[in-house]
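Chains as they are written, first to last, in our numbering: chain A, 1 to 382; chain B, 1 to 434.
If you are wondering where the hints come from, they were derived from the structure by calculation, not from laboratory data. Note that the coordinates shown come from a computational prediction; the quantities given were computed from them, not determined experimentally. Warning: the hint list may mix true and false statements.
Covered stretches of chain A, as calculated for chain B (at least 3 residues, CB under 8 angstroms) [unchecked claim]:
#, region
1, 12-18
2, 29-41
3, 59-68
4, 95-101
5, 128-135
6, 298-312
If you anchor each label on the Cβ, the simulated ranges turn out as follows [to be verified]:
#, chain 1, residue 1, chain 2, residue 2, range
7, A, 378, B, 65, 22 to 28 angstroms
8, B, 4, A, 48, 22 to 28 angstroms
9, B, 416, A, 342, 37 to 43 angstroms
10, A, 342, B, 289, 26 to 32 angstroms
Here are the simulated lysine-lysine pairs, BS3-like style, with alpha carbons at most 25 angstroms apart [said to hold, decoys possible]:
#, chain 1, residue 1, chain 2, residue 2
11, B, 337, B, 9
12, A, 366, B, 417
13, B, 99, A, 330
14, B, 245, B, 103
15, B, 337, B, 350
16, A, 365, B, 417
17, B, 174, B, 263
18, A, 366, A, 376
19, A, 348, A, 330
20, B, 245, B, 200
21, A, 227, A, 154
22, B, 337, A, 348
Ideal Cβ placement from N, Cα and C applies to all residues, glycine included.
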Amino acid sequence: MRIAASVISIHSSDTAGVCSALYELGGLTVVHDASGCNSTYATHDEPRWYAHGARTYISALTETDAIMGNDERFIDNVVSAAKDLGDLPFIAICGSPLPMMVGTDFNALGAEIERRSGIPVLALHTNGIKSYLAGVNQALCALAERFCRDGLKKNSRKVNILGATPLDFSVNGEVENIRRILEENGFEVNSCWSMGSSLEELSSAGAAGVNLLISSSAKELAQYFEKRFSIPFVAGVPVGRAFAACCIRALKKAAGDGESSMPCLSERTPAGDAAVIGESLFASSLCCALQMEQNIACHLLNPLEKEFAFMHSNEMNVPDESAVAGAFAKVSRIYGDPLYAPVAAAEKCFIPVPHEAFSGRCFRKKMRSLCGKDLKKEFEIC
Amino acid sequence: MEQITIPIKEASFPQPFPGGLEFNAPARGMWNIVHTGMLLPEAHQIFVCARGCLRGVILTAAEMNAMDRMSWVGIEENDFFDSSMEENVIEGVTDILNKLSGKPPVVLVFVSCVQLFAGIDFPECLRELSKRFPHTTFVDCYMNPTMRKSGLTPDQLMRRQLFVPLKNTAPLEKNAINLLGSDFAADRSCELFTWLDENKIICREITKCSSFSAYQEMGKSSLNMTWIPQAVAAAESLENRLGQKHLHLPISYGEEEIENNYKLLAQALDLNVPDFSEARQSAGQALAHALKIIGNTPIALDYTAAPRILSLTRRLLEAGFNVTQVFADLFIPGDRKDFEFLQKNFPSLKITPTLHVNMRFANNGHLDEKILAVGQKAAFFTGSVNFVDLVWGRGFYGHSGVAAIAGLMIEAFRNPKDIESVITHKGWGCESCL
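The following block holds chain A by itself, in its conformation from the complex (with noise of 0.2 angstroms):
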């Protein structure tokens, strides 16, 4: 199928996603790609970038070392460059469109790393195709599976959030808020993958009583510790007072029973004359929280891969500008990233929903904080 578009933007890559989950985790993290391809995460995808240095490099491929397969080349500068960082965690590799053209062999690459720089090596397969959501949960799960201990005693009131990145919080303090309204709630955040955490607290996630996922990004980490640890997890993210409400009551009722839920889903039906464009996870729980605090039926558009998606059957998935422009004229309310804007016919009410990993850094200044606040006071209604 042809995506393409005429006027809107594009979500971040997978290789953005394993570089914005690792980032505050003191690995390195290298994208085999050109020289200068990194200036688009380090200004676009990354809003820590200028005033939090991390170890997240480019590998400056040239076509003459595709052309020649000089992987050598790669390896001796990525154990170069671990020797010159020192006292690192982790080595995280991942490709982008030309590696995966010729053929490039990154578990092959990361276990001659590992072996010759004696770091574990996280060997990712990305191709600068597909969206932030399959680097994150990629990334997120190689982690998991490299350092997350067994053995560790649970704790009920343990909770883990899951898929904490700036690509769909952004640094405006949301994820801080989600902490807050879990601690007020009695329970205590164990990690947060991959926010504000450190990877030795990350390493305990295990230890969790139930799992809070925020963002589809982390779908496979939620059922990868689920598989794993028996860590029940809750979809949500607690958007407003009365759906955040609503997401405590799971927490407390999966940490109890051990049964995963989505309430994200379970707490609505999809209906009426809005939409809510954006990554599902929270585009669903702020439909949730639309119809339960301002009375409004809405449904979710999805952006994104299928495959990730949080979503009710007969909802749309919607990969391309003309897929958009056609649910846009179905409805007469649309919230979405303001680039979505130019889609929609003048006479639609489209409220502004900023999201990093479609619209970058432009409407940064404009991101409010959702959680647990009073939705009445943040959106106005057409």
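For chain A, the structure is supplied; the task is to place chain B on it using the hints.
Chain B in isolation, oriented as in the chain A frame:
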């Protein structure tokens, strides 16, 4: 973490430091191919690339409030294996153009490394598009940074392709010349333009063109003047195609080279060699005045500040300034004479990379002494709030350019700036939604 740095006497030319993994400093003033492409009036840009490559160019346009001139077609893995690469370009661009309310006179179609690597028949794509849209000029453009060491760089290619729509309108006008390759409008207070005006020579530049028809006037000029080596390929192409002569008069900050450039231009235009002694003296006085104010304060420059950073470094050192450090990863062939001069006469001048892995942690923002930084990367790495926000020479040229930079140095020395808010603005001089 310590900065990696070596004295220039120990530096090799043109690459003082070995390659490796690369850091990307958050200084965004330098233009990219989107900014450059937007110089072509009324042109629409369509990128056909992978998501990761599209993201940067789309948001470049978004930040400069130019999304109405930017479209894209995504590529999928299957495109490489089911022979649909060309179809993807042709049908994707067709779909987009059919959606646009008005048809642009020019469409810049960009493909990327991976399609070129896979052998896309790009000319055939553009032939088919030209058949479908006979009133639109399609220009093949390239975002291929992996090929930066195998032929023209993406920057050189972009500057060349920017002038592909110019048509042959012979006879060429003897009293008209073009300036090619500058991102910024030339500072018309320069003695060069006064002299051209006095001799009734029109100097056209794309930065001054407000419409596609005004841009097309550039096809009538008899000579193309280039100031930066990155524009030479454009001028050579036009010389072959339209018969416009080419004269490369590289930006320089040295008196002798500036005047030599003017002599060459006078010769090419069949004019008397002008007397620029007044402008020369003014530049000297401006530097002397700046020196009085700035004194022995250490000065650090970086390669993004000016196209000939070593020429500027040399001029400042010769004028008595205490230049201590130059941030650069690679020098251009035109830097060689200045490099050798500096090695011989200022051997302890420090050369520091910007891309090296360790440079990620080399700026701590705690200065032991006041430093004057010239350029955005120098500001970032030194942490100096006293910096000249000079990007790629800003359109300054000749003696007046030297004087202008001296003035900016005084202003920066006296007035601190917020480094982050200034240097993270993408595309110096462009509109920004931030």
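Against the structure, the hints come out as follows:
Using a Cβ-Cβ cut-off of 8 angstroms, 5 residues of the region 12-18 of chain A lie near chain B, which meets the minimum of three, so the contact claim holds. Residue count for the region 29-41 of chain A with a Cβ under 8 angstroms from a Cβ of chain B: 9. That meets the three needed, and the coverage hint holds. By the rule of at least three residues with a Cβ nearer than 8 angstroms to a Cβ of chain B, the coverage given for the region 59-68 of chain A holds, with 7 such residues. Only residues whose C-beta sits within less than 8 angstroms of a C-beta in chain B count toward coverage, and the region 95-101 of chain A has 5 of them, enough to reach three; the restraint holds.
Residues of the region 128-135 of chain A lying with their CB closer than 8 angstroms to a CB of chain B number 4, which satisfies the three-residue condition for coverage. Figure legend: the region 298-312 of chain A, annotated as covered by chain B; annotation inconsistent (0 residues with Cβ-Cβ distances under 8 angstroms, at least 3 required). Between residue 378 of chain A and residue 65 of chain B, the C-beta spacing of about 26 angstroms keeps the proposed range 22 to 28 angstroms intact. The hint said 22 to 28 angstroms for the Cβ distance between residue 4 of chain B and residue 48 of chain A, and at roughly 24 angstroms that hint holds.
Distance hint check for residue 416 of chain B and residue 342 of chain A: the Cβ-Cβ separation is about 39 angstroms, which falls inside the suggested range of 37 to 43 angstroms. Distance hint check for residue 342 of chain A and residue 289 of chain B: the Cβ-Cβ separation is about 51 angstroms, which falls outside the suggested range of 26 to 32 angstroms. For the proposed pair residue 337 of chain B and residue 9 of chain B, the alpha carbon gap of about 14 angstroms is at most 25 angstroms, so the pair holds. For a cut-off of 25 angstroms, the pair hint linking residue 366 of chain A to residue 417 of chain B stands: about 24 angstroms separates their Cα positions.
A distance of roughly 19 angstroms separates the Cα atoms of residue 99 of chain B and residue 330 of chain A; the hinted pair therefore holds under the 25 angstroms criterion. Only pairs whose Cα atoms come within 25 angstroms are accepted, and residue 245 of chain B paired with residue 103 of chain B is rejected, the gap being roughly 33 angstroms. Between residue 337 of chain B and residue 350 of chain B, the direct Cα distance comes to roughly 17 angstroms. Compliance with the 25 angstroms bound is thereby established for this hinted pair. Proximity of residue 365 of chain A to residue 417 of chain B is assessed by CA-CA distance (about 20 angstroms); at most 25 angstroms being required, the pair is judged to hold.
Of the supplied pair hints, the one linking residue 174 of chain B and residue 263 of chain B holds, its CA atoms being roughly 18 angstroms apart against a limit of 25 angstroms. Simply put, residue 366 of chain A and residue 376 of chain A have alpha-carbon atoms about 17 angstroms apart, close enough for the 25 angstroms limit, and the pair holds. Between residue 348 of chain A and residue 330 of chain A the CA atoms are separated by roughly 10 angstroms; this keeps the pair inside 25 angstroms, and the hint holds. Pair hint residue 245 of chain B plus residue 200 of chain B holds up; C-alpha atoms about 19 angstroms apart against a cutoff of 25 angstroms.
Among the hinted pairs, residue 227 of chain A with residue 154 of chain A is consistent with the structure: their alpha-carbon atoms are about 15 angstroms apart, no more than 25 angstroms. A C-alpha spacing of about 63 angstroms is found between residue 337 of chain B and residue 348 of chain A, which places the hinted pair above 25 angstroms, so the restraint is violated.
Comparing the model with each numbered hint stated earlier shows that hints 6, 10, 14, 22 do not hold.
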